[in-house]
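J.: What follows is the residue order along each chain.
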Amino acid sequence: AQRVTQPEKLLSVFKGAPVELKCNYSYSGSPELFWYVQYSRQRLQLLLRHISRESIKGFTADLNKGETSFHLKKPFAQEEDSAMYYCALEVTGGGNKLTFGTGTQLKVEL
Amino acid sequence: DGGITQSPKYLFRKEGQNVTLSCEQNLNHDAMYWYRQDPGQGLRLIYYSQIVNDFQKGDIAEGYSVSREKKESFPLTVTSAQKNPTAFYLCASSKNLLDIQYFGAGTRLSVL
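Going down the list, the protein sequences come from chains D and B. All residue numbers in the first sequence are consecutive under the numbering used here, ending with 110. All residue numbers in the second sequence are consecutive under the numbering used here, ending with 222.
Incorrect hints may have been included.
Each pair of labels, with its calculated beta carbon distance range [unchecked claim]:
hint	chain 1	residue 1	chain 2	residue 2	range
1	D	S52	B	D169	23 to 33 angstroms
2	B	D169	D	Q45	19 to 29 angstroms
3	D	T5	B	V162	34 to 44 angstroms
4	D	M84	B	Y120	15 to 25 angstroms
5	B	S177	D	G58	36 to 46 angstroms
With a Cα cut of at most 30 angstroms, we get these calculated BS3-like pairs of lysine-lysine [unchecked claim]:
hint	chain 1	residue 1	chain 2	residue 2
6	D	K57	B	K205
7	D	K65	B	K181
8	B	K181	D	K9
9	D	K107	B	K119
10	B	K167	B	K181
11	D	K97	B	K205
12	B	K193	D	K9
It should be emphasised that the hints constitute simulated quantities derived from the structure, not laboratory data. Even glycine gets a Cβ: it sits at the ideal position worked out from N, Cα and C.
In isolation and in its complexed conformation, chain D is listed as follows:
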């Protein structure tokens, strides 16, 4: 069965510092990977997906099949980036069923 691991429960960085939220997955097939974000008092929403190869709010994520990772990165953290971040995996032909990691709380301090 597929699995998503986010090893850090909490990540605290200073404003302007680089950010890397780790995500590793286990799945034998070709996965689709997503990052979802939940800001305080807001709904869970999609941040980015690997097939789009976009940079959203300065965040990027590269799928590394060799290391089975999909780490989320931003070169300079902003205070408004403070939120809960979830990595999710959709298996090929899985009917859009997502498997979520346990989430990482990012706290950006001044």
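Starting from the known structure of chain D, arrange chain B on it as the hints suggest.
T.: Leaving out everything else, chain B in the frame of chain D:
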């Protein structure tokens, strides 16, 4: 704001009681989903529905039931068979099974 509406925001259940959580969407989406969120465990899929009058079990369907009689509605019933119902429940919808999912604000269920 429109989109996906979950009600109530907070719900309390007595022992042995069935309760129903509402999820309505006005996005004209075909697919709908129910997730359960527990502290430190992320989201887990309970049930999902591709189209009206069809639904499939997710990873943790035991103790839950759903119906999909209308495209815009996907209510979740937490039955008395669910021994640990205290959790945060999230509903989501997507245009189809290939599109991204949009989430509701959630319902927090507690047992009295």
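J.: Each hint: holds or not?
T.: Checked hints:
no.	hint	in the structure
1	S52/D x D169/B: 23 to 33 angstroms	holds, 26 angstroms
2	D169/B x Q45/D: 19 to 29 angstroms	holds, 22 angstroms
3	T5/D x V162/B: 34 to 44 angstroms	holds, 36 angstroms
4	M84/D x Y120/B: 15 to 25 angstroms	holds, 20 angstroms
5	S177/B x G58/D: 36 to 46 angstroms	holds, 43 angstroms
6	K57/D x K205/B	holds, 24 angstroms
7	K65/D x K181/B	violated, 38 angstroms
8	K181/B x K9/D	violated, 37 angstroms
9	K107/D x K119/B	holds, 26 angstroms
10	K167/B x K181/B	holds, 18 angstroms
11	K97/D x K205/B	holds, 14 angstroms
12	K193/B x K9/D	holds, 27 angstroms
The structure shown violates the earlier hints numbered 7 and 8.
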